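In order, the protein sequences belong to chains E and U.
The working numbering puts the first residue of the first sequence at 54, with every later residue one more than the last.
The working numbering puts the first residue of the second sequence at 76, with every later residue one more than the last.
Hint data in this document are derived by calculation from the structure and do not stem from the laboratory.
There could be a bad hint or two in this list.
[To be verified] So the derived label-pair ranges between C-beta atoms look like this:
#: 1; chain 1: U; residue 1: 242; chain 2: E; residue 2: 146; range: 58 to 66 angstroms
#: 2; chain 1: U; residue 1: 260; chain 2: E; residue 2: 351; range: 25 to 33 angstroms
#: 3; chain 1: E; residue 1: 228; chain 2: U; residue 2: 245; range: 44 to 52 angstroms
#: 4; chain 1: E; residue 1: 393; chain 2: U; residue 2: 245; range: 35 to 43 angstroms
#: 5; chain 1: U; residue 1: 243; chain 2: E; residue 2: 469; range: 16 to 24 angstroms
#: 6; chain 1: E; residue 1: 449; chain 2: U; residue 2: 260; range: 24 to 32 angstroms
#: 7; chain 1: U; residue 1: 250; chain 2: E; residue 2: 446; range: 43 to 51 angstroms
#: 8; chain 1: E; residue 1: 167; chain 2: U; residue 2: 243; range: 15 to 23 angstroms
#: 9; chain 1: E; residue 1: 415; chain 2: U; residue 2: 260; range: 32 to 40 angstroms
Just so it is clear, the structure is predicted and the values come from calculations on it, not from any experiment.
Even glycine gets a Cβ: it sits at the ideal position worked out from N, Cα and C.
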Amino acid sequence: MSPMRNLLAAILVLFAACSAHAQLSIEITGAGAQRIPIAIAPLAGEAALLDASGATLSAIVRADLERSGLFRGLEVPRLVPQPTESSSVNYAEWRSRLADALVLGSVARRPDGRFEVRFRLFDVLKQTTIGGVAYTLSRDQVRATAHRIADYVYEKLTGEKGVFSTRIAYVVKRGERFELQVADADGANEQAMLVSNEPIISPAWSPDGRRIAYVSFQNKKPIVYVQDIEVPKQLIVANFKGSNSAPAWSPDGSSLAVALTRDGNSQIYLINPDGSNPRRLTRTAGIDTEPAFSPDGRWIYFTSDRGGSPQIYRMSATGADAQRITFEGGYNVSPRVSPDGNSLAYVTRNSGKFQVALLDLGTRQVQMLSDSDLDESPSFAPNGRQILLATIVGGRGVLTAVSADGRVKQRLTVSAGDVREPAWGPLIP
Amino acid sequence: MRALWTLIIALALAACATTETPQTQPPAGVEDRAPGTAPSGPGTQGVPPKPVTGVDLTGGRPATSQADPLRDPASILSQRSVYYDFDRYDIKDDYKPMIEAHARHLRENGGIKMLIQGNTDERGSREYNIALGQRRAEGVKRMLMLLGTREEQLEAVSLGEEKPKEVGHTEEAWARNRRSDMLYPGEY
């Protein structure tokens, strides 16, 4: 067991402090049925505080909200004098611009060289103030602050948590090179956690968002590693005879479910994140893999061919009481449970095409979320409103974020490479 | 002492002669060099046993491998791949003579090891494909063991869909990628 505890100072591991080069670019199609019209006025004084690409706070907030598919940002003309969060609001005027909601704010430089951003959110229809926040930040926190403002607005107006401050992980293949990347949810600020000449798959965020488990082929076979996103060191979690793969964190972060073939065919085990105490959960003659915990930690959903074709099953987290979940079709794989535990995203083969479906676990109704041919690896946003998946478009690997109602799609691409294996990180308080 | 040198030089020349003869005696070349079957029993006494265990010397050295049946296109041992249908792992009868030949080779060269890599096409789940590739590799491993290979000589691993031999999204590319490869040291 001791080699598994070895911390490898891996030469492969990089942690670029801040990569300025091109990253994920995003294209949005479709729109929600009812988008909230919102006016985000330029914050007074924000021109003094631009992000690295020259974007203003108000522009980043507006782009965030529009990307969700639930908001329509209104054009705001140049106002003189520029209103701030403490200006008195002429509701009739904003109503005439068709705004349901309004954001006003200001940026001020503090004596210590840092900045203070204040904003206030107004309900134009009810002619009331909803609330406001002040942030103190340094120049390199412009985007992070804008995402916080967008999260606040989103939550106040939709009743659900915003995910603009979350991060995503994914794998980029450029030629023969594989990169495990972490970026902001809008694709900005991409940073490489691992670069290798061998494949990397199945990144999985720890529930606290501090570590990522993944499978690397750097030693010519699949081995499960865990890596702290701030520490460039790989920890081997599972390196048994045969293949080691499909890591999934338990919701309390105390263990990982993995698929191991050390006893023959692929079976599901629990193992501690330091590689200790592996214990077998399934005992079948066939394939059991792709474990995924329910958010309450009571169930593990997984893929098995025990019935003759790959289907999704679930069992208790102790491995008992396995029962079949999918029955339609001959190939249903890659289960992912929604954050509220009420639905299941998975990949199904549909007339020779591999597409992502969403199963309501209560009503048993199935909704197709994609219309392409080779979809893989669905991953829920932590508020459950979107599902990120990998697909092939024009022979290239791209990511698509689909709203849970299937209406809005964002396509995320990288220049000169294939992007795949998305994993949406948790909400960070 | 002089006799020993003569012997070593003679053996070296003989070895050269063997390696430079293309394809004339394919399977016999290596088997004659294995310790137990060498016809010139007394003559090999003065030579350390390790360097003459044939296959270990040829691993990863294609330049000197003309007489190596593992690389001789005329030898069934040069064939290494089992191909499958989509989402299947049963070994078709066509591949059984090849697997039997490798089982014999592994039996007769008990020191060598084999890595069996299972592969799948790109369709479906990457993780399910890891498990499917493993099942394919395990199937080849089990057949080799039934044919007398010792388990310690074999390791089965899966590359899933991650290392396609054929890139492309066509039926032909997919068929070539649904495959188990039997590899000897130096080949992976």
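Hint by hint, here is what the structure shows:
1. With their beta carbons about 59 angstroms apart, residue 242(U) and residue 146(E) fall inside the hinted range of 58 to 66 angstroms.
2. A hinted range of 25 to 33 angstroms for the beta carbons of residue 260(U) and residue 351(E) is inconsistent with their spacing of about 47 angstroms.
3. Evaluation of the 44 to 52 angstroms hint for residue 228(E) and residue 245(U) yields a failure: the beta carbon distance comes to about 21 angstroms.
4. For residue 393(E) and residue 245(U), the hinted distance range of 35 to 43 angstroms is satisfied, since their beta carbons lie about 41 angstroms from each other.
5. At about 19 angstroms, the CB distance of residue 243(U) to residue 469(E) agrees with the hint of 16 to 24 angstroms.
6. Residue 449(E) and residue 260(U) have their C-beta atoms about 37 angstroms apart, which leaves the hinted 24 to 32 angstroms range violated.
7. Roughly 24 angstroms separates the CB atoms of residue 250(U) and residue 446(E), a value that falls outside the hinted 43 to 51 angstroms.
8. Checked against the hint of 15 to 23 angstroms, the C-beta distance between residue 167(E) and residue 243(U) comes to roughly 54 angstroms, which is inconsistent with it.
9. Between residue 415(E) and residue 260(U) the beta carbon distance is about 55 angstroms. The supplied range of 32 to 40 angstroms is therefore violated.
When each numbered hint is compared with the structure, violations occur for hints 2, 3, 6, 7, 8 and 9.
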